[in-house]
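All residue numbers for the sequence shown refer to the numbering used here, where the first residue is 192 and numbers rise by one.
Calculated from the structure, these hints are not laboratory results.
Hints should not be assumed to be uniformly reliable.
[Unchecked claim] Keeping only pairs whose Cα atoms sit at most 20 Å apart, straight-line, the calculated DMTMM-like set for lysine to aspartate or glutamate is:
1. 232 x 244
2. 260 x 279
3. 259 x 244
4. 331 x 316
5. 275 x 293
6. 288 x 320
7. 288 x 315
8. 312 x 363
9. 331 x 315
10. 260 x 302
11. 367 x 302
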Amino acid sequence: MAGVSDYFAIGSIVACKTCYNTIVEGEVQAFDPQTKMLILKCPASNGRPSQNDVYILNLSLVSDVQVKKEVTTPPEPAKQLNLKRINERVRGNIEAKRCLIDAIRAGVTPEGLMLFHTIGKTIDEVTWDGPNIVIMNQVKITPPYKPDNIQGDGHTKAYIHIRKIVEKHLKDNQHKSSKPADGETKLVSSSASSGVVAQSQ
């Protein structure tokens, strides 16, 4: 490990190369020099500007550390944690995992899992009820997860929005499946004299 400082100022920008050869760069939130544990706040991997990813790094296991920007001004007082909100989020995540396990046991198809993931990119209130996808407690999608399988009040904004998502999801998947696989080529030759057409894949 190279370039590990005895102290990292909160607010500094630090880049670390992990043991998996990935670069993690973010703002220092905390550092414990005794255990060499560094906490970095990084831009959210889902692209949402209102969220962040938080990494806890053991500097004993990184191969390189670079301070991109040193902060010399005193840091702002740490914000008080909302433990109630954190506990609610933890319970929500546990419940979501439990529902996913129940859905898999109920025989949810890969198509259903893909649609669930697509909806979850833009809507947080999405969960499983057995093999059924439930959105905002207003709309339900049953197998085989087609537009005709959407249940709810068809006049609500939620229903109309979900239907558009499902239709676009199916259209995108059909477009992907219609493309030839990588490296696949089709050669067609013809002979005017014999009228023979040969095709190889």
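Do the hints match the structure? See the list:
Taking the CA atoms of residue 232 and residue 244, the gap is about 6 Å. The hint holds against a cut of 20 Å. With a C-alpha separation of about 35 Å, the suggested pairing of residue 260 with residue 279 is violated against the 20 Å cut-off. As the CA atoms of residue 259 and residue 244 are separated by approximately 18 Å, the hinted pair is consistent with the 20 Å bound. Simply put, residue 331 and residue 316 have alpha-carbon atoms about 12 Å apart, close enough for the 20 Å limit, and the pair holds.
A C-alpha spacing of about 27 Å is found between residue 275 and residue 293, which places the hinted pair above 20 Å, so the restraint is violated. In summary, the hint linking residue 288 to residue 320 is supported, as the alpha carbons are separated by about 12 Å, within the 20 Å threshold. Among the hinted pairs, residue 288 with residue 315 is consistent with the structure: their alpha-carbon atoms are about 14 Å apart, no more than 20 Å. With a CA separation close to 15 Å, the supplied pair residue 312 and residue 363 stays within the 20 Å bound.
Distance restraint check for residue 331 and residue 315: the Cα-Cα separation of roughly 15 Å lies within the 20 Å cut-off, and the hinted pair is therefore satisfied. About 45 Å separates the Cα atoms of residue 260 and residue 302, which puts this hinted pair outside 20 Å; it is violated. Restraint check for residue 367 and residue 302: satisfied, since their Cα atoms lie roughly 14 Å apart, inside the 20 Å limit.
Violated hints, in rising order: 2, 5, 10; the structure is consistent with all others.
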